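**Student:** For reference, the chains in residue letters:
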Amino acid sequence: MKIKIRKRYLFFVLAFTSAIISAISSGIDTVAGDLIENYWILSISCFILALIVSFSCSAFFSIPFNGKSIGSMFLDPSFRHIRLIRKKEVFYHILAGLGNAITTIGYFALFYDKDLGRSPSVILPFSQIVILYLVIAESITDKDTPTLVDIQSSVIVTFGAILGSISLTGTISVSALVIVFLVINPGSMLFSFYQRKLKMMKINERPNDAINIRLWNVIFALSFTLLITLIFDIVNNTTNIIDGFIASVQFFGWMFTMAFGTFFSYVLYIRALGIGKASIAQAVRSSVIIFSIPVTLVLSYFGLADPFPTDPILLLIKIIGMIIMMLGISTFALALTKAYVFIKMEPGYPIEGTMKHLWKIKGVNRVAALAGPYDFIIKIHTRTLVKGYERILRKVQEIPGIKEYRWQSVLKEWEDI
Amino acid sequence: MINAYILLNMKPGNSDKAIEEMRKIEDIAKISIVAGEYDIVVRAQVKSLDRLLKVTDNIQMINGVIKTTTQIIEKEITA
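Residue numbers (numbering that gives the first Met the number 0), protein chains in the order written: chain E, 0 to 416; chain C, 0 to 78.
Please keep in mind that the hints were generated in silico from the structure rather than gathered at the bench.
Everything numeric in this text was worked out from a predicted model, so none of it was measured.
Any given hint could be a false lead.
[Said to hold, decoys possible] Within a straight-line C-alpha distance of at most 20 Å, the following computed SDA-like cross-link-like pairs (lysine to any residue) qualify:
# : chain 1 : residue 1 : chain 2 : residue 2
1 : C       : Lys46     : E       : Ser77
2 : E       : Lys394    : C       : Ile76
3 : C       : Lys29     : E       : Leu410
4 : E       : Lys361    : C       : Ile76
5 : C       : Lys29     : C       : Thr68
This is chain E alone, in the form it adopts within the complex (with noise of 0.2 Å):
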């Protein structure tokens, strides 16, 4: 028996214990970064790792267990077993990959970069100045327009990322700022914008899985690690991919556990952008910052991370903005309204006209033609009430042989995910 929950219980859900595991699994980076000589090095060894994890993993989960897959019991109901890709994922595939490769070599840059200082809650803020880029992609793309709460909340968690990453123990490098604005955030947008693409795709009218997606990306995204590191190679005569794959055996230990707890985090990342916005959970995911103190707490313990600052004005500084950021968060979480409108039509109006325009609306996620006393209902996501009307019922109301419509507001909502 299938049990519905509230959507955004679990979107919360899926996004948070994702950040959880994924301030672990960076600790751990720290510790590999230490560890491993270049970031190249360090890039091609984490993603090979992430495809023996990914794909045993997978293969675990595929295994059958009361005519349902493990996977489908613990991880996500969509998935059944690994499967090869279909054409039309393809496309979204490469895109998302490539994000993921460029992002982690530039992330890796800065485990390198002597003026930012080894500590994961140090250099993870800076990888979600996203959020801004994925509002931005978003207002181009999507059919929901950012509103003014969303560029705010976006904003206020931003900023708030970065005052919490205030325990920066030297200046910002011009060249990590690079880094960070033009090679981490412009890939990570690929990487999540197109991960979102694949999870609201349907797989044989059923909802695409998780895990076969974070399989796929970790293999595309090793390919164009593995083809970015052989340009560099060839032109810097260096043997950066050998000692990738040397790195993976050496250290193992360390890199298979990044890895696996990377491949549980990118799951039910990817889960919760199959709910929500691609912005919003990636603001949700950002509270990574906040579970990756107590990690460079027990990494510095160990003397595996740089100290823990214990300036007063500081701390105070990191608090005040992890409470910038919590409240953006659930700024994104709280203001959202949903709406349905029934809509009557006079006769003579084709169907699929009409379709086309409600569907040109923006805000209008649904457009279903219906047999019975209505003729179309349409679901309506809004930032406010006050925008619904001014930019969806008007519009509603110039299409040509509308009779009647009838707003019907949704105050709570169930649904199986």
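Since the structure of chain E is provided, determine the placement of chain C on it from the hints.
**Tutor:** Just chain C now, kept in the frame of chain E:
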């Protein structure tokens, strides 16, 4: 797969218990409490019209449901 919206009118005061019952029905994909002409909008996803009949039957058996209006989806565009 056949998708349908089932629009419900409820007796005042029975919604919480009725929703608890509905959440157990297998072929219901989504339940929304709404403010407006109807009280609850249910989205059903069934393999056949027979199953849809079963779902509406099950809903009608729930205490507090006054009236159901079923709307079968003929075509749909989603984000």
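**Student:** Would you mind marking each hint as holding or not holding in the structure?
**Tutor:** Hint check results:
no. : hint               : result
1   : C:Lys46 x E:Ser77  : holds (17 Å)
2   : E:Lys394 x C:Ile76 : holds (18 Å)
3   : C:Lys29 x E:Leu410 : holds (13 Å)
4   : E:Lys361 x C:Ile76 : holds (14 Å)
5   : C:Lys29 x C:Thr68  : holds (16 Å)
The structure is consistent with each of the numbered hints, conforming to all of them.
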